[in-house]
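Protein chains: 2
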Amino acid sequence: MGFMIAQRAFIKVYLITMVEQQRGYGYQMLEELRKDFSSFGYSPPQSEIYRALHELVQEGVLYRTKHLKGNDPKVDFQEIVLYHFTDEGSEKAELYKKQIKGDLDRCLGILNKAVNDNY
Amino acid sequence: MGFMIAQRAFIKVYLITMVEQQRGYGYQMLEELRKDFSSFGYSPPQSEIYRALHELVQEGVLYRTKHLKGNDPKVDFQEIVLYHFTDEGSEKAELYKKQIKGDLDRCLGILNKAVNDNY
DNA sequence: TAATGAACATTATGTTCATTA
DNA sequence: TAATGAACATAATGTTCATTA
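Sequence lines, in order, name chains L and A. Using full-length UniProt numbering, you'd call the opening residue of the first sequence number 1 and step up by one each time. Using full-length UniProt numbering, you'd call the opening residue of the second sequence number 1 and step up by one each time.
Quick caveat, the hints were computed from the structure, so don't treat them as lab data. Keep in mind that this is a model prediction, so the values were computed, not measured. Incorrect hints may have been included.
[Unchecked claim] Straight-line distance between alpha carbons at most 27 Å, and here's what the computed BS3-like set of lysine-lysine pairs gives:
#1 Lys35(A) with Lys113(L)
#2 Lys35(L) with Lys101(A)
#3 Lys35(L) with Lys69(L)
#4 Lys35(A) with Lys101(L)
[Said to hold, decoys possible] Among the chain L residues that face chain A by a calculated CB cut under 8 Å, a handful are:
#5 Met1
#6 Ile5
#7 Lys101
#8 Gly109
#9 Leu111
#10 Asp117
#11 Asn118
Glycine included, C-beta positions come from ideal geometry on N, C-alpha and C.
Please construct the entire structure, taking both the sequences and the accompanying hints into account.
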């Protein structure tokens, strides 16, 4: 076991939740997370998002589809990658989330204890 | 800023608190921390304790004194190292603790948000 | 085994670069 | 600039070894 939860795992859980809600592609999720956490002074690095997504694909949780962003190819032909659950993906994802939930609680326990013990 | 608090910083705060309370030497503090956190599945590695203590000395917060562990040198001549605050040490330590408190709260905020958002 | 310390190895990250229907 | 990805660099750890008044 490590000390705190790994950033990667933390991000993966968010990505899973976002895919559940059909929310967007990598860059978009990155922006959303950055916005959501900016008040905490936390800005997830771009590389971590993509690494996390790649891992989820590797692990057979997600698969990818490519699309053009805009509907008018003349104006906007930027390619984006959307993510979806594979057949066993939803199940795997839930298991993973459950595991990470334990980790989050563990970290909360440790940190709360530290506050109690030292302040 | 990083993601979670670093283990080193976390341990340093505990060491400072322990030195405030005159509790023991490195190995002993290690054992105590391990015992305290065993229920969380967290066992701080030995190297981190010593590294943290060395850093606190480097930073001018603590200084060291060497002693023999037992009072009877025939029975026990194991050398131990005790730590004390330097003149400016207490002040520095309090500042450091204050800083880390902010970090702890930040981490708690992030983790609680994650639980709310994903579960 | 207790106690300290250093050396070594590895992983998780952060940073920068490359590419573009 | 938006979007994706890979490459590179480094810091923070975890693991093992050495030493012992």
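Which numbered hints are broken by the structure, listed smallest first? none
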